[in-house]
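So the sequences go chain by chain: S and H.
This note's numbering applies: residue 1 is where the first sequence begins, and numbers increase by one.
This note's numbering applies: residue 1 is where the second sequence begins, and numbers increase by one.
Misleading hints may appear alongside valid ones.
Copies of the same chain look alike in the list, so a pair counts if it fits in one copy or across any two.
[Unchecked claim] Calculated lysine-lysine pairs in the DSS-like style (CA-CA distance at most 30 Å, straight line):
| # | residue 1 | residue 2 |
| --- | --- | --- |
| 1 | K31 | K66 |
| 2 | K340 | K257 |
| 3 | K340 | K480 |
| 4 | K407 | K71 |
| 5 | K340 | K140 |
| 6 | K112 | K340 |
| 7 | K31 | K388 |
| 8 | K375 | K306 |
| 9 | K140 | K31 |
| 10 | K340 | K474 |
| 11 | K229 | K407 |
| 12 | K407 | K340 |
| 13 | K388 | K441 |
| 14 | K474 | K209 |
| 15 | K31 | K71 |
| 16 | K209 | K129 |
| 17 | K229 | K112 |
| 18 | K31 | K129 |
| 19 | K306 | K480 |
| 20 | K470 | K86 |
| 21 | K321 | K209 |
| 22 | K86 | K112 |
If you are wondering where the hints come from, they were derived from the structure by calculation, not from laboratory data.
2 protein chains.
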Amino acid sequence: MGKKDKQQEFVAHLTPREEDFSQWYTDVILKTDLVDYAPVRGCMVVKPYGYGIWELIQEEMDRRFKESGHKNVYFPMLIPESLLRKEAEHVEGFAPEVAWVTQGGSEVLQEKLVIRPTSETLFCAMYAKWVQSWRDLPMKYNQWCSVLRWEKSTRPFLRTSEFLWQEGHTIHETAEEAQEETLQMLEIYRECAENVLALPTFVGQKSDKEKFAGARATYSMEAMMQDGKALQAGTSHNFGTNFAEAFQIQFLSREGKLEYVHETSWGVSTRLIGAIVMTHGDERGLRLPPRVAPIQVVILPIAQHKEGVLDRARALAAELKAAGIRVELDDRDTYSAGWKFNEWEMKGVPVRLELGPRDIENGVATFMRRDTLEKGTLPLDGIADALKALLNDIHLTLYRQADEFRKARTHTAVTLDELVQGVQDGFVKASWCGERECEDKIKELTNATSRNMPFDQSGMPSETCVCCGKPAKKLMYFAKAY
Amino acid sequence: MGKKDKQQEFVAHLTPREEDFSQWYTDVILKTDLVDYAPVRGCMVVKPYGYGIWELIQEEMDRRFKESGHKNVYFPMLIPESLLRKEAEHVEGFAPEVAWVTQGGSEVLQEKLVIRPTSETLFCAMYAKWVQSWRDLPMKYNQWCSVLRWEKSTRPFLRTSEFLWQEGHTIHETAEEAQEETLQMLEIYRECAENVLALPTFVGQKSDKEKFAGARATYSMEAMMQDGKALQAGTSHNFGTNFAEAFQIQFLSREGKLEYVHETSWGVSTRLIGAIVMTHGDERGLRLPPRVAPIQVVILPIAQHKEGVLDRARALAAELKAAGIRVELDDRDTYSAGWKFNEWEMKGVPVRLELGPRDIENGVATFMRRDTLEKGTLPLDGIADALKALLNDIHLTLYRQADEFRKARTHTAVTLDELVQGVQDGFVKASWCGERECEDKIKELTNATSRNMPFDQSGMPSETCVCCGKPAKKLMYFAKAY
């Protein structure tokens, strides 16, 4: 059967990043057991280590959603064709990439159903039923679920047919409130990316070409990967009354008139895991930001057969766990210390602690921090607090490194040549006329797309469009994107 | 548009339980905003109040799963037809009730896919790839997701085409370990039902007729609803090497031989919410067990326009929240106190606290406990601890009431007449020959089915089968079931 006993030498065999970044990514996510390919076209299995990261992202995001007044719900995964077709732009955007259910049991369905690619239409159908008066507003709901888009080419976490995400859907009394909600959720994403995932991002508004199917305005946060490409890491949409008109979501206003609600939606997905890998990873493998690392500290007993070593290591693990640190004691005696060092480095555990007879004698543990590979010792007395400070510093260091990289790779272009040059290895900040023709031309020339327009529109590189030379209207970031 | 302003008198209009238990159930779940019908055949929308209960159930269960060494994963929702067909009994059991995806985008699929009705086949396919040696065992994974079964007649929470659940799938080195796992998970379900949901249950083994498609043995916990019918509230299956042989899940044993793994699976679903409603509810609506009540204490300020009342109520809400109590302050001034009393009673909030000018003067709050409708006062000083004790007592009281009901409605039958009589309003404990013919005959006569065989098989009512009179082999519970 070709089964091999796994007690073998540790060989990481990661493709060097400089040689082939894309292959490096695939190597890392497979070899660190984040994910595996499923025996279903374009789908992935999220393994415990990858799902552990997702659970921590969920926990952090979900708390922020609840604190800002949102409640979780669950809507069906199947959408009748007629419902999907109610909003014209929306169906045009999604119909080409949905999976169709045509048969239930032995019965051929009278009306085909799609597996949700997103749930605006179902939320709208229910909101139309639920809302009566201004007193019922706002309704601010969110769901954690999976969605399915029949993608042609797929890569785990970045683009798969099925993926995990959250989708928030809210309805409001006024346009102002809806816009406030749209921007609030974008800010929650940005803040969470910074403070939880150690990801610096560009936030701003998408162009009309790149906005969501059916939205009046789409805002995004864009992260820069180590190959200089953009990863759209979260979006927030203001629909205005667009869907409300298609679905007749009306309410009795304070003045007793029937009015349409103002609607938003917003989402982040397991793409964020891909963003973490491609932002922080290095030649040894993952470097996980401590706040979403399923294991924050791994304890490796050295010479664990010697009396007292394992007991002390277990006591240390228990102490750290009680202090709220996610700790793992690796007491496997079937692997060498060197093997374990390599494995945990590849898996990106932020801190490795070694504890041997001499450490115990000296009342210390030897640590290595994964971000900088620096080593040192920590007194066992009060070690939990010291580790928390260290984890915090690792988070800040990862963020700073990513932010420096991002700044170094963000170019300013006045001419088309400069733009063409700049998007080869990073983002380009440029003045733009606002016309789709220029976006199309830039895409054709460079494969780069418009990413978003920052809220602060000051400091345009020139007064004319980087592409056509007509008067510039917007400051726009361009980049190749995942 | 027929929109009505909601500021109107509170009218609950619950159908009396004695008149029509089934209609009472539907009234309660819809009017308390647990759930709504979706515009998709046989599917439901779980609304915030219902989903809040599910989140608390998840939290309690998930902690127990992790403490017993299980890890969460996520597998695709689509299963290729060929994979579903690999285990003969399994496909026979599930094929009639699956939804078929036959088209992706504009492409007609070469191989049809089913939306998972359960995920044994996918887990088996991945386990076959992942396991090499005994060192890789056990693998103990779980996923929280939705599954879809094309049901003919549906009722929210009890039986819907799509429903939320968790499915654990584990593989082990030995038969003993797999059996231990199967029983351990059943015990976790039973303990959680008792200590979290206040649900007494019968646990035991299912008959061959009633076991899961492809299992060697299925164990269940069965709860008794207020109409005396059984609700299967959780199952745990031991597959032996059945799926392992079909999927060739082999490992190198300690002796260096290729062996098949021993496999289990186990699950609970949103049915548990239906069980809570139908076990604890009364003529006024829900009575939620405190440990899964999204709101444990509701504070109603009385004469809230009077100076100091609202401020004191807000301070009280903040104090309770800080103490870890799930509290809501209902300061809506558009509803009367009487309206609010009725609404919160119907929604089953365990404790109502009233706080008016006189209460504040006396340094107390007036409480009503939803389980017994008893009222009293609590000193504001130290109220958080007093409320915790009260919530605990409410949990115990709900459990005791349900347990007394269960005992009173569990009958012993020696003759078939007694069994026919007994299943009209409850469970029947009887001796059984172990033959399917007798199960079929009892079903035909009474519509009751065999529920499960308790682990303690002592105290058989007679030495002969309740149905055929041949020598009895098993003590079995029979009941009509949801």
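Hint check:
1. Taking identical chains as interchangeable, the C-alpha atoms of K31 and K66 lie at most 30 Å apart only when they sit on different chains, with a minimum of 24 Å there against 36 Å within one chain.
2. Taking the shortest Cα distances, K340 and K257 sit within 30 Å of each other only across copies (27 Å), while inside one copy they are farther apart (69 Å).
3. In this assembly of identical chains, the alpha carbons of K340 and K480 never lie at most 30 Å apart, being 38 Å within a copy and 56 Å across copies at closest.
4. Proximity of K407 to K71 under the C-alpha cut-off of 30 Å is found in neither arrangement, the shortest distances being 37 Å within a copy and 39 Å between copies.
5. In the homo-oligomer, the alpha carbons of K340 and K140 lie at most 30 Å apart only across protomers (22 Å), although the nearest pairing inside one protomer, at 47 Å, exceeds that limit.
6. Taking identical chains as interchangeable, the C-alpha atoms of K112 and K340 are never at most 30 Å apart, the minima being 53 Å within one chain and 44 Å between chains.
7. Taking identical chains as interchangeable, the C-alpha atoms of K31 and K388 lie at most 30 Å apart only when both belong to the same chain, with a minimum of 28 Å there against 48 Å between chains.
8. For the homomeric pair K375 and K306, the shortest alpha-carbon distance inside one copy (24 Å) is at most 30 Å, but the shortest distance between copies (64 Å) is not.
9. Taking the shortest alpha-carbon separations for K140 and K31, only the inter-copy value of 20 Å comes in at or below 30 Å, while the best intra-copy value is 40 Å.
10. For the homomeric pair K340 and K474, neither the shortest alpha-carbon distance inside one copy (52 Å) nor that between copies (53 Å) is at most 30 Å.
11. With identical chains, the CA atoms of K229 and K407 are at most 30 Å apart within one copy only, with a shortest distance of 13 Å there and 67 Å across copies.
12. For the homomeric pair K407 and K340, neither the shortest alpha-carbon distance inside one copy (36 Å) nor that between copies (56 Å) is at most 30 Å.
13. For a Cα distance limit of 30 Å, the shortest separation of K388 from K441 qualifies neither inside one copy, at 50 Å, nor across copies, at 66 Å.
14. In the homo-oligomer, the alpha carbons of K474 and K209 lie at most 30 Å apart inside one protomer (14 Å), although the nearest pairing across protomers, at 70 Å, exceeds that limit.
15. For the homomeric pair K31 and K71, the shortest alpha-carbon distance between copies (18 Å) is at most 30 Å, but the shortest distance inside one copy (37 Å) is not.
16. Within a single copy, K209 and K129 get their C-alpha atoms no closer than 32 Å, and across copies no closer than 43 Å, so neither meets the 30 Å cut-off.
17. For the identical chains of this complex, K229 and K112 are neighbours neither inside a copy (38 Å) nor across copies (36 Å), given an alpha-carbon limit of 30 Å.
18. Taking the closest pair of Cα atoms, K31 and K129 come within 30 Å of each other only across two copies (14 Å); inside a single copy the shortest separation is 49 Å, beyond that limit.
19. For the homomeric pair K306 and K480, neither the shortest alpha-carbon distance inside one copy (55 Å) nor that between copies (62 Å) is at most 30 Å.
20. Taking the closest pair of Cα atoms, K470 and K86 never come within 30 Å of each other, the shortest separation being 38 Å inside a single copy and 64 Å across copies.
21. For a Cα distance limit of 30 Å, the shortest separation of K321 from K209 qualifies neither inside one copy, at 50 Å, nor across copies, at 46 Å.
22. With identical chains, the CA atoms of K86 and K112 are at most 30 Å apart both within one copy (15 Å) and between copies (28 Å).
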